[in-house]
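Enquirer: Sequence:
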Amino acid sequence: MADPIITTILTQVGAIMEELARREIRLVSHVGEDVQNLTMTFRSLQAVLLDAEKRQVKDEVVKVWLENLKDVTYDAEDVLFEWTTAIEKTKSNLESEESSSPIYQKVSSLLTFPCFGMRRVTLRRDVAIKIKDINQRLDFISRDKERYELNESPIDGSVDRLKKAAYIEVSDIQGRDVDMVTLLRKMLSEENQHKALNVISILGLGGIGKTTLAQLVYNSDAVSDHFDMTMWVCVSEPFDEVRVVKAIVEDIEGKAPYVFELETALRHLRNNVTGRRFLLVLDDVWTGEYTKWEQIFTSLRKGEAGSTILVTSRHENVAKTMGSSYEHVLGELSVQDSWSLFSKIAFFERTESCEGLEDVGRKIALKCKGFPLFLKSIGSLMRFKTSLEDWKEVLTSEFWRLEGAEKELLPPLMLSYCDLPSPLNRCFSFCSFFPKDHIIDADKLIKLWMALGYIISAESEEMETTGQKYLQNLAMRSFFQDLEKDKDGKTILRFKIHDVVHDFAQYLTKHECSLIEVNGDLVPKMESSQTKVRHLTLIRSEDAHFPISVPNVEKLHSFWVQCFHDSPPILSELDKIEPDLLCRLSRVRALDLSRNRLGHLPKEVGKLLSLKYLNLSHNPLSDLPETLGELYNLQTLNLSSCNHLRKLPQRIQKLVKLRHLQIDQTIRLTALPRGISNLNSLQTLSKFIINSGGNIGGEVACRIADLNSLNNLRGHLKVEGLGYAADAEEAKKAEMQKKEHLSGLHLDFCPITQSCSSKDEVIEALRVHENLQVLQISFYGGTKFPTWIMNLSNMTELSLQDCRNCTDLPPLGKLPSLVMLYMEGMHNVKSIGPEFLGLRVEGNNTLNGGTRVDGTSFPKLKKLKISNMKNWEVWDILDGGSLDENVEVMPRLKCLKLADCGKLKTLPQHLLRKDTPMSKLSIHKCALLQEQYKKPGEKWTKLSHITKVRIH
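Quick note: the sequence shown, position 270, residue 270 per the UniProt record's numbering, numbers continuous.
Hints may be right or wrong, so weigh each one.
Unchecked claim - The calculated SDA-like cross-link candidates involving lysine to any residue, where the alpha carbons are at most 20 Å apart (straight line), are:
1. Lys469 - Asp488
2. Lys863 - Asp488
3. Lys925 - Arg950
Claimed, not checked - Each pair of labels, with its calculated beta carbon distance range:
4. His945 - Cys418: 55 to 65 Å
5. Lys603 - Lys894: 49 to 59 Å
6. Glu735 - Gly32: 44 to 54 Å
7. Lys939 - Gly599: 53 to 63 Å
8. Leu388 - Cys418: 18 to 28 Å
9. Arg804 - Lys733: 23 to 33 Å
10. Pro816 - Ser922: 18 to 28 Å
11. Ser944 - Ser758: 44 to 54 Å
Derived by calculation from the structure, the hints in this document are not laboratory data.
Glycine included, C-beta positions come from ideal geometry on N, C-alpha and C.
My request is simple: use the sequences and hints to build the entire structure.
Expert: Right, here's the structure in full:
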């Protein structure tokens with residue numbers, strides 16, 4: 001297992017030397033020799049890393065040696081990154097000058113550029129001094145390598161190949177039936193039905209399955225039948241009364257209340273529970289101080305008698321403090337249940353011979369001591385071990401012989417960790433950057449990995465794609481849990497990390513990652529062991545101000561000030577970040593200041609030349625400094641939900657490495673600077689705005705033609721302000737058909753400013769690539785839809801909103817992949833007939849009189865929603881005829897929703913047949929339909945087979 005940070009450094013050195021050689025650049029005396037020494041020393045140390053990683057668990061001296069190596073490695077990475085940035089930035093500046101002046105045709109030397117003045121001389125001296133210092137530190141560490149007798153392993157220069165396998169949805173609900181029955185009996189006993197508030201606790205060590213058992217009880221039919229409502233809140237640490245109360249209310253109402261004070265939050269809680277019998281699960285409770293729970297419990301006692309709180313905790317004192325009537329101590333799984341859980345995973349879809357593996361496997365399962373978490377972890381590891389020798393090597397590993405209560409929990413996780421392919425070990429350990437029980441956004445994590453240089457991708461593969469593969473690999477090894485995936489089940493969207501696995505990640509990064517709670521406006525002084533921290537998370541409480549001063553930030557690579565503010569900001573009470581703090585973050589690669597009520601970003605942000613990830617979302621920023629354009633390395637800029645933001649810096653065009661510009665929910669942003677078109681690396685652009693006047697404060701704004709060069713865009717794009725598009729010729733210059741990676745597109749014509757015929761031509765000129773899966777057209781002022789819609793054979797979702805001048809619908813039934821169709825606000829549509837089906841008709845163009853019709857219309861459509869069609873009267877897609885046996889119409893339709901269609905008289909008969917799969921029907925504010933279909937209307941009986949019918 002090669003350490004990825006060292007691999008990164010060696011790659012950087014190689015790239016730097018190659019660039020210098022290519023340009024025939026002369027290095028300062030001794031620097032070239034020092035760089036070569038640096039490379040050789042790192043290669044020799046890389047050979048012993050695997051042995052050092054294994055021995056650090058039981059040998060404190062080796063652990064300290066490894067920490068010192070990591071520290072100097074980080075410093076080396078910083079110096080080389082600074083050097084690389086200087087080379088690339090100079091190269092970029094020179095290339096832009098070459099086109100205008102021949103004087104820049106010849107490049108001298110990054111370190112001997114006389115034409116770039118004193119700053120280059122200073123950089124030359126600084127780089128030379130830093131590399132010499134690093135070499136001296138490395139020499140000292142290298143000498144200790146011999147003293148500790150660290151064993152060398154062969155070094156594979158290539159990146160370890162990721163194992164490919166599906167994630168297994170194996171529940172660790174094994175052997176817990178008796179526990180569940182016992183808990184339900186206690187919870188639902190007659191004795192407890194007369195108590196104002198009953199508290200039951202599940203106690204046990206981390207990883208024993210407390211949360212899983214609570215979920216088993218929570219999801220049981222007995223609970224749903226007995227309680228009026230159920231709530232689930234993960235408490236964890238740090239404990240905050242306001243946050244806990246708001247989380248309970250959010251689970252009831254679907255959204256958190258906009259409150260700060262505890263009493264206001266408690267009032268919301270009392271209003272929701274009064275007179276109702278509830279079950280509240282408080283998962284992962286650590287705080288046993290009664291004073292912190294007293295007011296919450298007082299409010300919960302307003303519930304109906306028999307209401308119950310189910311607590312999970314590792315600590316008996318928590319159960320005592322909460323006044324538990326019953327404490328259920330959860331024990332280890334039996335030998336047989338342990339083997340059953342382990343074998344489900346280890347032998348999953350195994351096709352090769354398992355001869356001899358079962359005997360070894362049973363011994364390995366015994367070493368997990370009945371802990372479901374470890375059985376899943378080791379089972380996932382053994383799934384990829386194919387030989388008997390591999391299994392025996394795990395069985396006899398020295399990790400099993402670790403001593404001490406804490407270290408007894410490490411072996412299964414350490415074995416899995418050491419088996420990780422490089423660079424997944426670094427990616428996993430970085431997850432300790434997030435607080436416990438945090439729901440981690442997969443897209444954010446991948447962008448952070450990219451910013452920190454953790455992702456090593458093949459030339460033919462995007463870093464984002466490789467990052468998703470890393471996530472899948474870690475998930476299938478049981479490092480992640482509670483996975484939420486996209487509708488196709490292929491891409492991980494969100495996930496959590498078990499608190500024991502989080503403890504393990506913290507153990508690995510004890511001196512690299514730190515989480516600190518901030519209650520006032522000063523950060524507590526760090527311990528001496530934290531001075532080498534590279535990743536810092538500050539967790540602000542509800543009433544804490546943005547920290548004025550933060551110690552030891554000079555070496556940070558990532559910095560996150562996490563805040564739980566979720567209410568609208570009061571402009572007179574905004575927080576601010578001190579310029580001095582930004583100046584001291586000179587090495588930071590990832591900076592997350594989201595949700596911190598920042599009204600201003602100091603110009604000093606432009607000094608963070610190492611910055612690759614900047615998250616300013618959910619802040620009331622009105623503008624951004626022009627110095628933002630100096631962030632040459634920036635890959636991700638997140639400005640989502642900056643509702644006060646009015647414009648972007650003109651110099652944003654200099655961010656040539658920018659891959660993700662997130663500006664969704666920026667309602668006051670009405671234009672984009674023309675330079676956006678220069679950002680050819682952009683993959684994410686939430687929206688592209690066309691401005692009415694064509695300028696922003698005197699500067700030129702984007703036009704539709706400026707989309708021309710942005711052909712790397714992926715995901716979803718909204719083109720806003722198409723009502724201002726000049727003509728079809730300009731629209732054609734956008735070359736939308738070349739944007740083959742886009743999966744979703746929203747064409748927004750608001751405001752409607754031109755003639756209908758002009759709009760018809762504009763939308764036709766915006767022909768998109770056939771790979772598009774989701775299309776939304778809104779406020780379109782033309783009279784007909786573009787012909788290219790019918791070419792979108794991969795489209796699964798189509799939305800037509802407020803296209804008020806259109807009188808006819810295209811033959812959408814021809815679309816082979818369409819799953820969801822939404823139509824709203826098309827007031828000129830009076831009738832939907834057979835043309836909507838798009839079926840092939842032999843003979844005349846009707847479905848009557850013996851005409852033969854073949855095919856399937858809307859073959860995959862599952863959801864159809866039509867609303868606000870004020871003049872729609874007729875829906876007769878069979879034109880008065882009947883279905884031929886050769887024809888199928890919407891054979892998979894499950895959900896039909898109609899709203900505000902007051903003139904619609906009847907529903908198509910074939911949609912209401914009893915052999916259709918429709919299970920949901922909603923009719924809202926459709927007066928004529930309600931009269932016929934509402935019970936006991938004359939057509940009510942035709943709906944009896946539909947599971948859920950709502951007419952209101």
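Enquirer: Now tell me if each hint is right for this structure.
Expert: Status of the hints after comparison with the structure:
1. Lys469 - Asp488: 16 Å, holds
2. Lys863 - Asp488: At roughly 16 Å apart (the allowed maximum being 20 Å), Asp488 and Lys863 satisfy the hint.
3. Lys925 - Arg950: 11 Å, holds
4. His945 - Cys418: 55 to 65 Å: 58 Å, holds
5. Lys603 - Lys894: 49 to 59 Å: Between Lys603 and Lys894, where Cβ atoms are some 55 Å apart, the hint holds.
6. Glu735 - Gly32: 44 to 54 Å: 47 Å, holds
7. Lys939 - Gly599: 53 to 63 Å: 59 Å, holds
8. Leu388 - Cys418: 18 to 28 Å: Since the Cβ atoms of Leu388 and Cys418 sit about 20 Å apart, the hinted range of 18 to 28 Å holds.
9. Arg804 - Lys733: 23 to 33 Å: 28 Å, holds
10. Pro816 - Ser922: 18 to 28 Å: Holds - the Cβ-Cβ distance for Pro816 and Ser922, about 27 Å, lies within 18 to 28 Å.
11. Ser944 - Ser758: 44 to 54 Å: Given about 51 Å between the Cβ atoms, the range holds.
Consistency with the previously given hints is maintained throughout, with no hint failing.
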